[in-house]
Structures are given as C-alpha cells and as structure tokens.
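Residue numbers (this note's numbering), protein chains in the order written: chain A, 1 to 398; chain B, 1 to 238.
Just so you know, the hints here were simulated from the structure itself, not pulled from any lab data.
Please note that the accuracy of each hint is not assured.
Claimed, not checked - Pairwise CB distance ranges, derived in the manner of DEER restraints:
1. A:LYS348 to B:GLY132: 19 to 29 angstroms
2. A:LYS177 to B:GLN151: 48 to 58 angstroms
3. B:GLY132 to A:LEU341: 22 to 32 angstroms
4. B:GLU105 to A:LYS336: 32 to 42 angstroms
5. B:GLN58 to A:LEU201: 38 to 48 angstroms
6. A:LEU201 to B:GLN151: 23 to 33 angstroms
7. B:ALA126 to A:GLY342: 55 to 65 angstroms
8. A:PRO264 to B:VAL14: 45 to 55 angstroms
9. B:ARG130 to A:TYR130: 25 to 35 angstroms
10. A:LYS336 to B:VAL14: 28 to 38 angstroms
11. B:HIS171 to A:PRO122: 46 to 56 angstroms
12. B:VAL14 to A:LEU133: 30 to 40 angstroms
Glycine included, C-beta positions come from ideal geometry on N, C-alpha and C.
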Amino acid sequence: MGAAHAQERAGRPRLPSINRPIIARVLVIAGLLVVALFVFPATLGGDWINTFTSVAIYSTVAAGLVVLYGRVGMISLGQIAILAIGTWVATRLTFATNLPFPVLLLVTGAITCAIGVLIGLPALRLSGLYLALITLMAAGAVNVVLAQIQFPNGGGGFTGRTDQPSAIGLKAVPRPKWALGDNAYYRYVVVVCALMFLLVLLHFASKPGRGWAAIRESEPAALAAGINITLYKLWAFALASFITGVAGCLLAAQIGQPNTYSFPTSDSLSLIATALIGGIFTLWGAIVAGVFMQLLPFLFQAQWGVNPNFLLIVFGCGLLQVLLSAPGGLTNQFPKDMANLGRLIARKVPLTRQAAFGIASILALIVGIVLIITLKSAPIVGIIVVVLSPVFASLSQD
Amino acid sequence: MIEVKGLTVRFSGVTPIDDMSVTFPGGACGLIGPNGAGKTTFFNVLSGFIKPAAGSIQAFGEDLLKLPDFRRARWGLRRTFQMEQAIEQLSVFDNVAMIHEHSGEGRGARRDAVMAAIDFVGLEAAPGARVGGLGARERRLVEVARAVVGQPKVVLLDEPAAGLPDQETQHLAGVIRQIPEQFGALVILVDHDMSLVSSCCENTAVLDFGRLIASGPTAEVLRYESVVNAYLGAEDEQ
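One chain only, chain A, in its complex shape:
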C-alpha cells in the first residue's frame, strides 16, 4: 500500500516551489544592496552619492508606474505630480509639527495615498488615451496650484500662507537624527526605498497581484473570476501613491527646501519613457528608469559637460527602439541579446538580415551617445547616429 501511495505521489505534477532561479535572484539582489549600501559610500564623492540618493527616490516613483501600468494596465502620466504632492505634504507637515522622521514618512505616505486615490477615482471609468490625458492634465494642474500658492510658502501651520514668502528662514525638512550627513542619508534612503520595493513585491506575489494581472488581461474575465475591479484599481492607485508619497518625503529631506521648479510636468513623460525602456513589467525596469532619470543627466552635465537636454532625444529614440524590438524592455531583452550575440560569434546560428539590423540598431544608440559626449562642437553628428537606431530597429522586423 505504501508503494502504491508513493507511485500516486510520483505521478502527480510537482507544486511550484523555491527553485534555483529564485535563489539566484535573491543572491543578485543581496549583492546589489551590499554594493549600494557599502561600496558606493566608501568609494564615491559627495556629488555622486547625492545623485544615487535621487536614483533611489526616482526608482521608487517608477515602481509606482510598474504597479499602475505594468500590472494593472492603467497609464498614468502624472506620477511626478504625485511626487510633488508628497514633497509638499512633507514640507507643510514639517512647518506644522515636529514629527520624528519615520512617522513623517508614514503620515506623508498616507496623506499622499488619500489624494492619489481621489485623483484615481475618475480614472476608474477611463482607460487608454483618455486616462493618459486626464492624469497629464492633473499633473499640470498640480503644478499650477503649487506655483499659485508660491510653494513652499512659509506661512505657519499646515495650511498657512503669507503674502511675502521668502526662502530665507524657512524651516527645512529635517533628516533623521542619525542620518544627517549625505552618506548616512543615502543609506537611509536606499533602505526605505528597498522596503517600498518589498511592499510592492509582496503585493505582486499575493492576491492583489494576481487580481491586477487578471484585470490587465481582460476585465470581463476578471469580473467572471469574482474580482471587484473598482476596489482593485483603487488599491493599485493607493499603493502607487503611497510609495510615491514616501519618495516625496525622502526627496524633501534630501533637498531641504523644495520648490515648484523641481517637478516639471515633462518629467512625468520622461519617467514613463524610461520605465518602458527599462522594462515596465518588472521592478528591475523601475531601477533602470531611476538611473536614466537621475544618473545620466548628472553624468552628462557634471562629468562630461554636455547639455543634458540631449537626453530627451536619446530617450525618444531608445523608447522607439525598445517598442519596436523589445516590448519587455532592456532588463528583459538585454540578457537575450547577449545570448544571441554569443551564439552568433560562436557561429552556431547564421547572421540573418534581422539580426544584423538589430545589432546595428543597438550599436547606433551606443555610438551615438559616445559621439554626443565626445564631439561637443558638433552634437548633431551624434544625434543623427542616435536617430538611426529606431530606423535600424524597424528594418530588423520580419
């Protein structure tokens, strides 16, 4: 009888369990965290560390997009405005109260979450282009309001305002007591952002994550599966707004006295473009987006002395290139590309026209960026080469 039972067990398909890829992934994440927490602060200068603080903060904002678009399928072009609201709430809370920093983080997250859900309410009936338009206009509206009230405006209390705002003498958003220096604050930010990523991952791996995936696939099928679509969409807005609010509070304490000009509406467009380039279906893509949004402009401007506005053109071409040839984004495509390249070099597969143009497309992007950096007197040469990238990418299609 024991044998029969064993046989029956062997015949059953195995349950999904912790396997090698998951262990490898955990090791990679742990390794990256060690590098970010200990190697960077020990080896890099102050400017670099401040830049990496911003990378972590903007990666968290991009993680909100991964939730909204990557999982649920709702396009939001207003995430930077939500970040601005988070920064505003944190600043005003600082004027009005003396909350310890961790509490300030949570309260800012909660208030931003409530505001984000309110903005998300009309979105429940809209999708696609209309949702994108509404969120973009909401982002513009937030900027108008912030400019109108002369944010951060030093009036007393949470809502107070004064007719003669002056930047001097404003209470700056304080950093936590044991993380006052740039290095210490950088570590603090990385840990908080890692916790936000963990919060999102826990959602993805459980009931809401599966419900969101169902809604993205097909709303009728999700309804037929018993999913309360309204509730789950609001939940996604709440989660994205919460982590973005926390990111806003971190940003407020990083720069001390934020102003309206820190949040141009066009940044929301750059954010979704870079998230798509990085790969909007996974949180790795969010990290790539943070790097593209913050590290590349720093490199261009402070390190190489090139106008960072050229990046908009590079992002545009990179986005086209990715949408044409790799909808899963860089983090999805890069390993595959490398494997294919290895096979090509080892002559295991013949060089087809598609593959040749695919390689040319990636090379054009890299060579173009190098040319923009090196040929400062004639940036147009580099730009022309960059623009060739999506052209090659379209030629690489079947």
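Given chain A, put chain B in place with the hints provided.
Below, chain B alone, put in the same frame as chain A:
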C-alpha cells in the same frame, strides 16, 4: 436547476434575447443555435455584464440578477470565454488559484483544490509554467480548470472546443461529461460542434434570433424540424 423566465435583452433597437423562458434541469445542458442567436448574450446576462430589460433567473434558489457581477463568482458561477482568456503573466497554478481565492472558500484547501482541478482536466504542463508560454490546447484546459476549481455551482462553457483538432475535442468532451458528477455543478455548453453537444449533454435548448425554439432531451431536440431548419438555413447563408 436554473429557471429562466421571460428574459428579454434590448440594445438600442436590437433584441438579442426575446422573451426567453427555459429550464436547465441539471447535469450537462447544451445551448445551441446559429451565429447571432443570442447564446453568448445569455451567458453575459448570467455573468452580469449585461442587464436585461425584463425577466428573472432563479439558480438553485438564488435570484441571480440581484447579485452584483463580481459576487456571482463567489456564489459559484464560473465561465470560459469564446476567446480564451487565461492570464499570460501568471503560472498555471496561480491562474487556477486566483479563482479559488475569490470564491470565499478557505485558504487551507486551496493547494489540493487547485491541483485536483489541474489533474481533472488532464493538463500535462507543469503547474509552475507561465501560461504565456503554453499552446492553444493547454490554455483551453487551464480555462476549464479555472471554471471547475473548488465548489462551482454553475459552469458556463462558451465554445470550448473552437479551433481544437478532433482528438483533443474528444478529450475535452470526456472532461465536460465528468464535471457534473465530479463537482456537482450544472454545466451549460455552447458549441457549434453537434457531436460534442450530443455526446456531453442529456438536455439541450435551441435559440434562434433570440427566441427559444426548442428544449428537451438532446437526441429528440436535434430531430425537430424547426431546429433542423434553423441550422440548415444558417448553413445555406454561409
């Protein structure tokens, strides 16, 4: 048992279902009719996607039309779609488990219930495999597993065999036949494949232009002159 009385659906000027009264007694029941007869519309009314202009639907003593759409799944209403809609981003296991976790049944029984459903439909793919990488046949079976996991009361199958080769249709027929006794659910099967319907269903209802033109034991119904005409007429047009 599902009792439909005087069901009417109107969209601006069109009446896809016109005063339909029919009883599905239990077991596996067929619902057939030419294209545009109102079969999928009827399923959409049951699912709550469409609000009927008139009529009532009593299912196992529950007034189905009074339940909000997303609560019907928790009550025990399951369905598959004409265009298969398994969720590509999730694994086979999660696809099925997702239905179970919204069904109001306990977490404790989930693993066994999900594995039982996957076993029941005869799916060979690994439970951890992503549905996005599966073939058409396996995705269909994932959808059927989703429809039967746990304790379904009513299982609606909308052309589950569309596009499948004969051999696989036969496998599917075996699965469908066993749903009532294995899970105690009432099955309503919509399909154009008459041999599938007659091999699975004891009773069959026939719709034509939104009207019920026949219902009763399958073998008898398929011999009715009106049914033959409705079908031959449709065939002629094609």
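Comparing the hints with the structure gives:
One distance hint, 19 to 29 angstroms for the beta-carbon pair LYS348 (chain A) and GLY132 (chain B), holds here, with the actual separation near 26 angstroms. Taken as a hint, the range 48 to 58 angstroms holds for the pair LYS177 (chain A) and GLN151 (chain B), whose Cβ atoms sit roughly 56 angstroms apart. Between GLY132 (chain B) and LEU341 (chain A) the Cβ separation comes to about 25 angstroms, which falls inside the hinted range of 22 to 32 angstroms. One distance hint, 32 to 42 angstroms for the beta-carbon pair GLU105 (chain B) and LYS336 (chain A), holds here, with the actual separation near 40 angstroms.
In this structure the hint that GLN58 (chain B) and LEU201 (chain A) lie 38 to 48 angstroms apart at CB holds, the actual value being about 45 angstroms. For LEU201 (chain A) and GLN151 (chain B), the hinted distance range of 23 to 33 angstroms is satisfied, since their beta carbons lie about 32 angstroms from each other. At roughly 27 angstroms, the beta carbons of ALA126 (chain B) and GLY342 (chain A) sit outside the given window of 55 to 65 angstroms. For the pair PRO264 (chain A) and VAL14 (chain B), the beta carbons lie near 50 angstroms from each other, so the given range of 45 to 55 angstroms is met.
For ARG130 (chain B) and TYR130 (chain A), the hinted distance range of 25 to 35 angstroms is satisfied, since their beta carbons lie about 31 angstroms from each other. For the pair LYS336 (chain A) and VAL14 (chain B), the beta carbons lie near 49 angstroms from each other, so the given range of 28 to 38 angstroms is not met. As the Cβ distance of HIS171 (chain B) to PRO122 (chain A) is approximately 47 angstroms, the hint placing it in 46 to 56 angstroms holds. A hinted range of 30 to 40 angstroms holds for the C-beta pair VAL14 (chain B) and LEU133 (chain A), which are about 32 angstroms apart.
Hints 7, 10 from the earlier list are contradicted by this structure; the remaining hints agree with it.
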